[in-house]
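Protein chains in written order, with my numbering: chain A, 1 to 270; chain B, 1 to 270; chain C, 1 to 304; chain D, 1 to 304.
No lab work stands behind these hints: they were computed from the structure.
There could be a bad hint or two in this list.
To be verified - PhoX-like, lysine-lysine: derived pairs with alpha carbons at most 25 Å apart: (1) K104/B to K83/B; (2) K205/D to K287/C; (3) K205/D to K289/C.
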Amino acid sequence: MSRYFTATITANLSLNSRHFLMELTSPKNENQALPGQFYMIGAGRGYDPLLKRAFSLFRNTPDGFQILYRIQGRGTALMRDMKAGTSVEVLGPLGRPYPEPSKKQTSLVIAGGVGIASVFSLVEKFPKQAYMLYGARSGEDLFYVAELRDAARALILSTDDGSLGKKGTVMDSLQELVSTHAPLLNERLIMYACGPEQMLREVSHFGMVHNIQTYISFEAHMACGVGACLSCAVAVKKKKRKQKSYQDGEPLYKKVCTDGPVFDAGDVAW
Amino acid sequence: MSRYFTATITANLSLNSRHFLMELTSPKNENQALPGQFYMIGAGRGYDPLLKRAFSLFRNTPDGFQILYRIQGRGTALMRDMKAGTSVEVLGPLGRPYPEPSKKQTSLVIAGGVGIASVFSLVEKFPKQAYMLYGARSGEDLFYVAELRDAARALILSTDDGSLGKKGTVMDSLQELVSTHAPLLNERLIMYACGPEQMLREVSHFGMVHNIQTYISFEAHMACGVGACLSCAVAVKKKKRKQKSYQDGEPLYKKVCTDGPVFDAGDVAW
Amino acid sequence: MSRLDVQIGSMHLKTPVVSASGCFGYGEEYSEFIDLNRLGAVVVKGISLKPMHGNPPPRICETPCGMLNSIGLQNVGLKVFLKEKLPFLRTFDTKVIVNIFGNSMKDYEKLASSLDDAGVDAIELNVSCPNVRKGGIWFGTDRKMLGKLVAAIKESLQHSVLITKLSPTVSDIGEFAQIAEDAGSDAVSLINTIPGIAIDINTRKPKIRNIIGGLSGPAIKPIALRMVYETYRRVTIPIIGMGGIMNASDALEFIIAGATAVAIGTANFINPLTTVEIIDGISSFMKQKNLTALDDLTGSLHAG
Amino acid sequence: MSRLDVQIGSMHLKTPVVSASGCFGYGEEYSEFIDLNRLGAVVVKGISLKPMHGNPPPRICETPCGMLNSIGLQNVGLKVFLKEKLPFLRTFDTKVIVNIFGNSMKDYEKLASSLDDAGVDAIELNVSCPNVRKGGIWFGTDRKMLGKLVAAIKESLQHSVLITKLSPTVSDIGEFAQIAEDAGSDAVSLINTIPGIAIDINTRKPKIRNIIGGLSGPAIKPIALRMVYETYRRVTIPIIGMGGIMNASDALEFIIAGATAVAIGTANFINPLTTVEIIDGISSFMKQKNLTALDDLTGSLHAG
Ligand SMILES: Cc1cc2nc3c(=O)[nH]c(=O)nc-3n(C[C@H](O)[C@H](O)[C@H](O)COP(=O)(O)OP(=O)(O)OC[C@H]3O[C@@H](n4cnc5c(N)ncnc54)[C@H](O)[C@@H]3O)c2cc1C
Ligand SMILES: Cc1cc2nc3c(=O)[nH]c(=O)nc-3n(C[C@H](O)[C@H](O)[C@H](O)COP(=O)(O)OP(=O)(O)OC[C@H]3O[C@@H](n4cnc5c(N)ncnc54)[C@H](O)[C@@H]3O)c2cc1C
Ligand SMILES: Cc1cc2nc3c(=O)[nH]c(=O)nc-3n(C[C@H](O)[C@H](O)[C@H](O)COP(=O)(O)O)c2cc1C
Ligand SMILES: Cc1cc2nc3c(=O)[nH]c(=O)nc-3n(C[C@H](O)[C@H](O)[C@H](O)COP(=O)(O)O)c2cc1C
Ligand code: FES
Ligand code: FES
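Chain A extracted, bound-state conformation (with noise of 0.2 Å):
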């Protein structure tokens, strides 16, 4: 058993021209992973693309896993070319997963484009348990719709252009969701959350405002993913005890790789 295995592909779909859902094989007997954790993936052959580059677990299947991924860059467009048979090398699973809501607690997951890929699976494994809101660019950008209704308690969707959904940002759908349900403020809530920097910093402060545990994935250049290299640090918070010993003024890193990349949202400096 290792985390650091060659996994091969076993289908590699086009969900529209810019996201893709790749499944791989994992070894028997492996961990599987769980909501919230990664996996870095070798895209390249020879030395360019050096490094590795990391997914979350979309899915688990009975012999392996899924990502969903968008083409971003050279890695991504590799992996796009790679046909059904071919090997990765493959490190993982990676980091921690979103703490579990407990049964008295009601999940609130908000997903920003391709940030479904990290919330999907926790989603799923509790069923009719979250209020989903799922926000992308434009109905096409919003993938496994019909999985998320049957998976959430409530599925809310919404694109910047109006194409499906509410017309707006999930920002929009959550302030509009507490404002029509205003007794969900007063369950027990855990919020979840994945998608662009601007929309996490906006989630962390409804959270804040609120008084809602948030739990946040972070994203970050990253080149070890086990907490070797210190390349995925994230400013967060100091305590006041662990502050001593160092320079004051200085911010204070954790490492998206095994830190994270969830994050209590009350926990980064923004």
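Use these hints to put chains B, C and D with the ligands onto chain A, whose structure you have.
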């Protein structure tokens, strides 16, 4: 019409575990390569491997050309894995072809190993004209024997392990040919050879001893393929009058890519 | 049977493969993937007297066949290292080499003597980190300061072997190696990363927040090899070679160029098994070539 | 409409893209593939007083994202260049920059004044070739000699613009750029290749006959960019930036780091259309960003 173009791979066949035949398209109206000329092919995506690889014209096709290649290192290993439909960048045809035999000349064509790639189309171009000597390590490394038997006036195969044709080298075959067919040496002979350097050296020596016009195809590490970088130097003999302006004692170099790859054996300074 | 052990000063390494500082955390991070007992030594992330937070992100970016980093020497500091990190490493049968970094001669001396007292096997003087402006970089490119620093540290050490890690940003690395040797260094290690930049043309911002980062990975291998070769011809102390080593073949190139041991940095990120795969690869190569000891290879370049 | 023209001393280039010396032959070799009229200038292979045969093969080898070369400055010599190569280049509406190399100050002076007389647009002093031991490399890393050489050549020129090509094997390239500027150089170009080695582990021979070759290609881009950035902050004369530029985006990185023009070397070997594709790419970028002149970009790195 340009000698730099994007070709589509239309076939990539395994001849045995180390040898492959790749068929590529070339642009309409593009000049076809002549026997002895070569192409440079981009084997990588990204910049590793960086340089294009040189391959002789194996055979022209209606829509392009074929190369016969042996797995040598990283570049050829990547080529092996390319599927029909893949695009590659190509430069060529490059270099000087074999001078054609005159009507009155009898050709002796000698190929060692993958050297067959360079002379195959020469033999096919002048059907039933050439005495062809073709050797390799073992029978499974001798390719397109049936076609060669049709194309050549006589085909003499040899293998190091005796598994096909005579046991021995092409040089043994050559010695035997001229001793059993002594009158051959009275014909107006022209000799062509491609293969390992040691073989080329021996062929050149043979040509000199028997006063046969001899052309050999050289290999050198290349970057540009068009005479611009001076990477592909091969030492040649100095002509008295040319020597003056250079410092004494220094060797004189020619470029394999544009002065060759085919050289008059008498010009090479071994 | 071929022997893979090598000698770095008075320190005996069971294999010539060690981790490169900053690329292997404090050993723990990779202990899940490989058996640390197989390494000649674990070289840990650069340690300073006080803990350091490091630079603001983004701290790395990918470049052709390489990466730039500007971690800014984030580290737990001497105290935590001794208390929390060293004991773990001590549970393995491998040497511990501690890379140290200071802003002044005094910092270095304090660090070295504390670590020497704590019984670490060797101290690697990082005088060549491109990511912190003051201090380090200055020693690494200033002939007089380097000699003084090395001599002072050597003086202060009782047991630990002293390794000086050389800066590649000099026109003659052999000269600096010689200064280290003359000042008493037991070995030199090279190369550290080479300062570089990458720019996002859309935002016109550097891709690394600190602007300049250190280049590592396969891209720098030819440069690193050349520097090892040049150094080997100038000093008699052992060389720990590094820079872009990805596999056994790369490692053997360094050994043939003159390295007694090799350090593996960036490659760990690509394949966490690299170090042990290299040990196995060197071992098979030696068997295949009927070599009995690494000495037969070190510096054996036929440069005719 | 965005303007792509730039000024290097008194020389006006219609586009900021030129060929790098030694990677474009004498222009003829690529004239079949691209319209030379579109280039800002053609920079030709280094010329010496007498023709030179160059080094024995193998002269190149591939490395990760790069290549090593040790051509050894093979060239036709001044006489043949003037008689056979220059007239061809003169048939194009592009500037001609001649890279020159000598073993002594006198060599350089003779070369420079003959070429000046022949009316070439600019002379690029190659004081940084790693492949010939004596001469060149020495000027490039010796502060006094460099200043003297540049001043002497500047003195001897009537018309031609003087460009000094800097060696990357120094710890502070800005300092050398400043020496060139102070001595009267009209511009600096950088970087030349970085010395490197590759070894065949089976034969234990260097992959390049001359042992050390010069590293070029994408691998060195981060280093080259950093040196352009450092140089830009030290001198006011224009910089011709090069080192691993493969496409328009790379070229723009150099311009944003401080280069007035860019030179394309190794990329020509991979794609002979690179130079013109870069010109087109820069042009679209400027349109897309509503920039009217390249000056708006040069050195515009937001280094906050
Ligand atoms: C924990 C984590 C989970 C992720 N999950 C997903 C997912 O499920 N689906 C998905 O589409 N994307 C995901 N990403 C983002 C994904 O890693 C990047 O889109 C991808 O690395 C881009 O690679 P590229 O070669 O196409 O782009 P390039 O821009 O060519 O990449 C250059 C370098 O920058 C890094 N990089 C570029 N963008 C990012 C980014 N946003 N985050 C981190 N590194 C980046 C690359 O890894 C590479 O090292 C995740 C990132 C992290 C950190
Ligand atoms: C004019 C010419 C015609 C050729 N024709 C054929 C042919 O028809 N079929 C065939 O199988 N091979 C041919 N070769 C040899 C072929 O170019 C090499 O086998 C190939 O470049 C190896 O690439 P690689 O990446 O697999 O090997 P690597 O060893 O990984 O290559 C590393 C570098 O060395 C160069 N290189 C390695 N071996 C050679 C070699 N023998 N000659 C030149 N450069 C080399 C590569 O091009 C590359 O730049 C020819 C070579 C030349 C010069
Ligand atoms: C992320 C990272 C952090 C590093 N930190 C240190 C360090 O703390 N001290 C040090 O001496 N070298 C440090 N280095 C340099 C490496 O030890 C090594 O010299 C360099 O990376 C070249 O080797 P490589 O190409 O195998 O990575 C670091 C390198 C990287 C990539
Ligand atoms: C094959 C080759 C030959 C070169 N010859 C010369 C030369 O004669 N004079 C010179 O100043 N630079 C020479 N160079 C260096 C280039 O001009 C350029 O500075 C270097 O290659 C970096 O740019 P690149 O990465 O785009 O190739 C040569 C480079 C290569 C690859
Ligand atoms: S990616 Fe290396 S520490 Fe997080
Ligand atoms: S390969 Fe460039 S001159 Fe021959």
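ask   = Is it true that the CA of K205/D sits at most 25 Å from the CA of K289/C?
value = Judged against 25 Å, a Cα distance of about 15 Å means the pair holds.
query = Going straight from one Cα to the other, do K205/D and K287/C come out at no more than 25 Å?
reply = Holds. K205/D to K287/C sits at ~20 Å (cutoff 25 Å).
inquiry  = Please verify whether K104/B and K83/B have alpha carbons no more than 25 Å apart.
reply    = 45 Å, violated
Violated hints amount to a single one, hint 1; each of the other numbered hints is respected by the structure.
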